[in-house]
Structure formats: C-alpha cells, structure tokens
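Engineer: Protein chains in written order, with the numbering used here: chain G, 1 to 412; chain P, 1 to 292.
A few of these clues could be false.
[Claimed, not checked] Below, a list of computed lysine to aspartate or glutamate pairs in the EDC-like style, where the Cα atoms sit at most 16 Å apart:
#1 Lys123/P with Asp280/G
#2 Lys179/G with Glu167/G
#3 Lys126/G with Asp102/G
#4 Lys279/G with Glu126/P
Because the hints were derived from the structure by calculation, they are not lab data. Note that the structure is a prediction, hence the values are computed from the model and not measured.
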Amino acid sequence: MPKHRRVSGLTVTYALAAILLASAGTGAFAQANQPYRLGVSGMLTGTGSSFYAAQAEGLRIFFDRLNEKGGINGHPVTIVFRDNRGDPATAAADAQAFIDGDVVGASLFSASNTAPGFAQAITRSKLPVVNASWCYGPSVPGGGPKVAENYFCAGITSLANVKAFIELFDRFATMVKEKKAAYGTIDVPGALASFNKMFIPSIEKKGWANGGYLAAVPFNLADYSPAARAIIDSGAQAVNVYCVADCTLPFLRAIRAAGFKGPMTAVLASSEPEFRALKDPDLYLVVNDSLIEEGKPVHKAILEAAKRFNARATPGDLLDGWLIGMVYEKALGACGYPCAREKLTQILNSNFTLDSQDAIDLIGGKIEWTATVHHLRTKAFRIVHWSNEKQAFVDFGQAIAVEDTGLVFPKL
Amino acid sequence: LFTAVFADILALAPLYGTVALGFVIIYRFTGVLNFAQGAIFSIGAYIFYVLVEQVAIPFVPALFLVIVCGFGFGLGLYATVFKPLSGRSVLAVILVTIALATVVQGALILLFTAKPYSIRALKYLEVTVQTMPGGHPVSAATALMFVVYFVLLIGLGLLFTYLRIGMRGRAAGENPILASYRGIRVHWVFGVSWALAALTAFMSGSIYILNHQFSPSAGEVALHGFAAAMVGGLDSIGGTLLGAIIVAAGVSVAFQYVNPLLSEVMPYVIMFIILYVRPWGIWGSPEMIDRV
Numbered sequence: 001m002p003k004h005r006r007v008s009g010l011t012v013t014y015a016l017a018a019i020l021l022a023s024a025g026t027g028a029f030a031q032a033n034q035p036y037r038l039g040v041s042g043m044l045t046g047t048g049s050s051f052y053a054a055q056a057e058g059l060r061i062f063f064d065r066l067n068e069k070g071g072i073n074g075h076p077v078t079i080v081f082r083d084n085r086g087d088p089a090t091a092a093a094d095a096q097a098f099i100d101g102d103v104v105g106a107s108l109f110s111a112s113n114t115a116p117g118f119a120q121a122i123t124r125s126k127l128p129v130v131n132a133s134w135c136y137g138p139s140v141p142g143g144g145p146k147v148a149e150n151y152f153c154a155g156i157t158s159l160a161n162v163k164a165f166i167e168l169f170d171r172f173a174t175m176v177k178e179k180k181a182a183y184g185t186i187d188v189p190g191a192l193a194s195f196n197k198m199f200i201p202s203i204e205k206k207g208w209a210n211g212g213y214l215a216a217v218p219f220n221l222a223d224y225s226p227a228a229r230a231i232i233d234s235g236a237q238a239v240n241v242y243c244v245a246d247c248t249l250p251f252l253r254a255i256r257a258a259g260f261k262g263p264m265t266a267v268l269a270s271s272e273p274e275f276r277a278l279k280d281p282d283l284y285l286v287v288n289d290s291l292i293e294e295g296k297p298v299h300k301a302i303l304e305a306a307k308r309f310n311a312r313a314t315p316g317d318l319l320d321g322w323l324i325g326m327v328y329e330k331a332l333g334a335c336g337y338p339c340a341r342e343k344l345t346q347i348l349n350s351n352f353t354l355d356s357q358d359a360i361d362l363i364g365g366k367i368e369w370t371a372t373v374h375h376l377r378t379k380a381f382r383i384v385h386w387s388n389e390k391q392a393f394v395d396f397g398q399a400i401a402v403e404d405t406g407l408v409f410p411k412l
Numbered sequence: 001l002f003t004a005v006f007a008d009i010l011a012l013a014p015l016y017g018t019v020a021l022g023f024v025i026i027y028r029f030t031g032v033l034n035f036a037q038g039a040i041f042s043i044g045a046y047i048f049y050v051l052v053e054q055v056a057i058p059f060v061p062a063l064f065l066v067i068v069c070g071f072g073f074g075l076g077l078y079a080t081v082f083k084p085l086s087g088r089s090v091l092a093v094i095l096v097t098i099a100l101a102t103v104v105q106g107a108l109i110l111l112f113t114a115k116p117y118s119i120r121a122l123k124y125l126e127v128t129v130q131t132m133p134g135g136h137p138v139s140a141a142t143a144l145m146f147v148v149y150f151v152l153l154i155g156l157g158l159l160f161t162y163l164r165i166g167m168r169g170r171a172a173g174e175n176p177i178l179a180s181y182r183g184i185r186v187h188w189v190f191g192v193s194w195a196l197a198a199l200t201a202f203m204s205g206s207i208y209i210l211n212h213q214f215s216p217s218a219g220e221v222a223l224h225g226f227a228a229a230m231v232g233g234l235d236s237i238g239g240t241l242l243g244a245i246i247v248a249a250g251v252s253v254a255f256q257y258v259n260p261l262l263s264e265v266m267p268y269v270i271m272f273i274i275l276y277v278r279p280w281g282i283w284g285s286p287e288m289i290d291r292v
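Build out the structure end to end from the sequences listed, making use of the hints.
Structural biologist: Put into structure tokens, the structure is as follows:
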C-alpha cells in the first residue's frame with residue numbers, strides 16, 4: 001500500500017476518533033439538557049378555538065418562563081402541540097401519536113366532544129394526561145371519558161358553572177314578570193349533561209317554566225339570528241346561553257338585536273374585551289377566572305410572561321393553561337429525571353397542594369389535588385354586569401360560592 | 001312562527017345571495033369553481049375591521065376603500081396566482097383555490113389570532129330601522145346588506161347582458177381559445193372577473209361583520225352562499241336570488257321547526273336534492289354542467 005494511502009488511513013482513523021469523542025461529549029452535554037417532553041392536543045384553530053387556544057398559550061408561556069429560570073430539575077420542558085380543530089378523530093389520532101412518541105405526559109385543550117376518542121386511546125396506555133378544562137365521568141350521557149388511573153382533569157367543571165347559573169336565576173326572579181326562561185347550550189356532551197340533568201330540573205323546582213326554547217347550539221352557526229328569533233317567539237323573560245365565547249358572543253348579540261329586553265346570563269371565560277364591548281347592563285356574567293385578581297403576583301406573572309413570550313390573550317384566558325403548567329411543574333419536580341410515565345401517573349394519583357410562588361395568592365386558597373377534585377373544592381364565582389355610569393363591569397351582588405363535586409351530579 | 005321564518009329569510013338571503021354572486025361571476029367568466037371565495041370574504045372583513053376600528057375611518061369612506069381594495073386584490077390575485085395557471089386543467093385551478101383558502105385562514109390566525117372580533121365603532125348601524133310582522137326588528141346593517149345585494153344583482157345583470165365586458169366575459173368563459181382568436185383580451189376579462197368577485201366578497205364580508213362576531217373562520221358562512229349559487233344555477237346571476245331565498249328558508253325552517261343542529265346542514269341537503277333532480281341548478285344552463 002503506498003505511504004500516502006497509509007497516512008490517509010491514519011488521518012481518517014484520527015478523524016473518526018475525534019468525531020466519536022466529540023459526539024460523546026456532545027451527547028453527555030445533550031443528556032444534561034434533554035427536555036421533559038409534553039404533548040398537547042388542542043382546538044387551536046377553527047370556530048370555537050379562541051378559548052382553548054388561549055389555554056394552550058397559557059401552558060406555553062408558563063414553561064417558556066420556567067425554562068428561562070432553568071427548567072425542572074435542571075431540564076427544560078418542551079411541548080409538542082397538535083391542532084385537533086375540534087375534530088374527535090383527529091384528537092384520537094393525536095392521543096395515539098403521543099402514546100407512540102416520547103412524551104412523558106399529555107394534555108387535551110379541547111371541547112368535550114373530542115374527549116371520548118382521546119380518552120379511549122389514553123386509558124389503554126400508561127401515558128398520564130392532565131386535562132386543561134373539564135372532565136366527565138361515566139355518568140355523563142353521550143360518552144364522556146371514563147376517568148382512568150392515568151386521566152386527570154384540572155379545570156372548572158361545567159357542573160360548577162351550572163350551579164352558579166341556578167343561583168343567578170334566583171336573583172332574576174324579582175326582575176321578571178313571569179318565571180319563563182329560554183336556554184341555549186353548546187352541543188358537547190359534558191355541557192349538555194350538566195344543563196339537562198342539573199340546571200333545568202333545578203330551576204324548574206324553583207318555579208321557572210321553560211319558555212319553549214331549549215337548544216343545543218353548535219359552535220359554528222353562520223348566523224344566530226334564527227335562534228334569537230325563536231327565543232323571542234318563546235315568550236321567555238330570562239335567557240341563559242352556555243357556550244364558549246365564539247358562540248356565546250354572537251348569540252347574545254343576536255338575541256338583543258332580535259329585540260329581547262330581559263336579563264341574560266352567560267359565562268365570561270375568554271374574550272373579555274368583546275364582552276365589555278356589548279355594554280349590556282342586563283347581561284349577567286359568571287366569571288370563570290375569579291381565581292385571579294388584577295395587581296396580585298400571579299396576575300402580574302402571567303401578564304409579564306404573556307408580554308415576554310408573545311401571547312396575546314388576557315391573563316384570565318391564559319390561566320387554565322398556566323394552572324396545568326403548575327401541576328406539571330409540581331409532579332415532574334417530584335418525578336426527577338428521567339421521569340417514567342408510570343411514576344408520573346403515580347405522583348398525580350397522590351394528594352398534593354399547588355404551593356409554588358405562583359399559586360399562593362389564588363383567590364379561594366391553594367389548589368388541593370385530591371382523588372376527586374383537582375381544583376378548588378369551593379369556588380367563588382363573581383357575577384358582573386355592565387355599569388353605564390362607571391363604564392365598566394361591576395359586581396352584581398355577592399360572589400356565588402359553589403362546592404365542586406367533581407364529576408358527581410348531586411341529588412336534587 | 002311563520003313571521004320568524006320570514007324575518008330569517010330577509011336577514012339571511014341577501015347575505016347568501018351576495019356571496020353567491022362571487023361564485024357565479026368567476027364561474028361564468030372563467031369556468032372555475034372558486035373555493036377561496038370564503039377566504040376572500042374573511043380578508044375583506046378583516047380589512048374593513050382594521051380601517052374602522054384601528055385606523056378609525058368613518059363607515060362610508062371605509063366601505064369605499066374596501067371596494068377599491070377588493071377590486072385591486074382580485075386583479076392582483078389573478079395576475080400573481082391564476083394567470084400563471086393558464087392552460088392548466090380547470091381541476092388544477094380549483095385545487096389551487098382550495099389551497100389558497102387554507103393559506104389565507106392560516107395567515108389570518110397568525111395575524112389576528114383565532115379569537116372573535118366585533119365592530120364597535122359603528123353601533124349606530126345596529127339600530128332598528130323597521131319592525132317586521134311579529135315584532136321582529138330589522139337593523140340598519142341588515143337593510144344595508146339587502147340594498148347592496150340588489151344593487152349588485154341588478155348591476156351585474158346589466159353588465160352581463162348589455163355591456164361589452166360582460167359579453168366578452170361570457171364568450172371567454174365558454175371558449176377562451178376561440179374568444180382570444182376573436183380578439184378578446186382573455187386575461188383582462190378573467191382579471192376583471194376575479195376583481196368583481198373579490199369586490200362582492202369584500203363588500204359582503206364588511207357588511208356581515210357590522211352585526212356579527214367574526215374570526216378567521218368567518219368565511220364558513222360563504223359556504224352557504226356556495227349552496228345558494230349551486231341551487232340557483234352556477235351560471236345564473238338571477239339564480240342567486242332564488243337560491244338564496246330557498247337556502248335561507250331551509251335554514252330557518254330547520255331552526256324553528258326541527259333542530260338548530262340541522263340548520264347548518266340544511267343548505268347542503270337542499271343543494272343535494274336540487275343537484276340530484278336538476279344538476280345545473282334551477283335557473284342554470286344544462287350545457288354548462290360538463291365543465292364542473
């Protein structure tokens with residue numbers, strides 16, 4: 001073999017050795033900085049997405065901020081986002097992708113119509129899931145997810161919202177000539193069940209008659225004026241609309257435009273500026289983000305993170321995702337690195353309290369994570385309505401305290 | 001309850017009809033089904049929103065600017081996207097319109113997020129200008145959509161029937177090669193058709209958001225306009241009126257008498273029935289059908 005070939009061979013050997021050494025070094029470095037990976041299937045685009053996209057943003061900015069401070073146990077957290085557009089089949093496919101992938105935990109930020117398929121796949125796996133909003137047990141007709149060993153939900157249940165509505169209708173009793181109501185509720189199984197099994201029987205017990213209009217409202221009605229006209233024709237004196245902002249807002253506007261003058265109620269869960277723009281003194285809103293208050297540290301922290309990491313939703317809209325971030329921070333912190341899915345599930349099945357700096361000033365106390373409730377056990381929902389004098393939302397009486405029974409419909 | 005159905009038709013039909021006009025113009029001039037019409041509707045809505053809410057331009061100048069923008073946008077869209085596709089199959093062009101719709105929606109989400117917006121500066125256009133039988137009010141915005149639709153309907157009808165550009169457009173739509181042999185500047189005619197279609201979409205989008213919440217998916221309402229165009233006849237300007245009334249009545253009856261969930265499907269149920277019985281639509285031309 002010619003000399004220059006041997007030299008070349010040696011050079012190649014040295015080069016290979018150098019590459020191996022370098023890659024080993026890089027590998028060690030990389031391992032130290034390897035992230036915890038989380039998966040999110042969210043209703044990130046399409047009609048109805050503003051509420052859920054904001055939740056996903058809340059989670060993202062929580063971890064962007066945490067990563068900047070060094071992450072969890074020295075490891076950053078990265079999130080794999082998948083957009084299910086509110087489509088159940090896509091959500092189920094997302095769940096399978098997360099199960100087959102390398103994420104340690106996952107979340108679903110989406111309406112309950114996407115939950116059954118997602119949950120079905122998850123419950124056949126070991127992957128722990130923490131839902132950003134509401135979770136429905138087997139008692140929900142229409143196929144809510146069976147809450148399994150590895151399936152957790154850390155949001156305000158629609159049942160809790162509905163209990164606030166019931167109290168609110170008590171206050172309406174003195175404002176109407178006749179106790180006749182009309183209702184429109186979002187066409188997803190969880191909300192429908194809470195509405196049909198809890199809200200309607202409860203207010204009927206209190207003497208309210210159904211004005212003749214009860215509808216499951218789709219997210220994406222092109223025009224709500226036919227629904228509004230049906231409400232007018234029903235002779236209702238009070239109206240309850242229960243949906244996410246994308247359908248609540250146009251529905252409320254259409255009802256007023258159709259000539260309805262009585263009190264209306266809805267949930268203020270996102271798009272607050274749009275609700276303010278209605279300037280409607282007879283619209284009474286159950287405030288879902290009553291957990292935070294302007295000026296308090298957690299509110300400031302969300303606001304700063306939103307600015308720094310380019311999230312455009314309000315702190316109230318971002319809060320749900322932020323809370324899920326706190327849950328993962330606590331659980332992954334206890335899990336160590338690397339964290340196995342089984343161990344994370346085990347931690348999430350234990351009782352704990354969200355006691356980080358971010359959680360200490362939540363209104364109503366710290367979030368207790370128990371077997372049945374993953375939120376505040378007793379929630380105080382503020383009720384606000386527009387004041388023309390103050391040109392702002394003002395409280396309508398005392399906040400309504402609601403005991404969250406988790407997934408259990410109480411006996412009437 | 002009949003009065004509610006009547007009020008629904010009055011509110012919905014002009015919107016569906018105006019959107020349907022955009023589909024008909026493009027189809028008649030170019031033989032293409034433009035599935036991006038909803039996306040163009042959304043762009044118009046957002047431009048109007050920016051002009052009125054962020055630049056604080058009063059209603060009439062803002063609407064005028066939107067009309068100008070719509071015309072320019074349509075011409076630009078044809079010149080940059082569709083003119084290079086000349087000579088390709090109609091199917092390829094249709095697929096590009098579908099892709100365009102997706103791209104536009106994604107871009108709007110990036111620019112404005114997915115949250116709903118509303119026009120606040122023009123609340124005076126929500127006032128009741130007329131009360132229908134049954135006590136159903138008609139707002140100024142609804143009345144405006146009604147007027148705009150009929151102005152466009154009559155204007156486009158005259159254009160297609162009596163003006164040279166309209167007749168050239170029909171010729172180019174039926175046989176572009178023969179039309180070009182006869183000295184018709186086919187690209188100019190096609191460009192004008194896209195401009196007119198974009199103009200109608202921009203106008204309908206702008207007036208729609210006067211009393212409706214909107215988000216990047218607002219263009220979905222245009223799909224009801226598509227059903228109206230198909231029912232009336234895809235090459236018939238007058239057919240948009242009939243199609244819009246039938247579709248609006250179907251939506252309303254489903255809402256008031258059956259189930260609100262059915263109301264969103266109803267335009268397509270009606271479209272299916274009509275196309276099954278009369279594939280060229282009620283007032284469409286049978287000879288146009290093989291192009292679809």
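Engineer: Taking the hints in turn, state whether each one holds.
Structural biologist: Going through the hints against the structure:
Of the supplied pair hints, the one linking lysine 123/P and aspartate 280/G holds, its CA atoms being roughly 13 Å apart against a limit of 16 Å. Distance hint between lysine 179/G and glutamate 167/G is fulfilled; the C-alpha atoms sit about 14 Å from each other, no more than 16 Å. Taken as a hint, the lysine 126/G and aspartate 102/G pair is honoured in the structure, with Cα atoms around 12 Å apart against an allowance of 16 Å. For the suggested pair lysine 279/G and glutamate 126/P, the alpha carbons sit about 14 Å apart, so the restraint of at most 16 Å is met.
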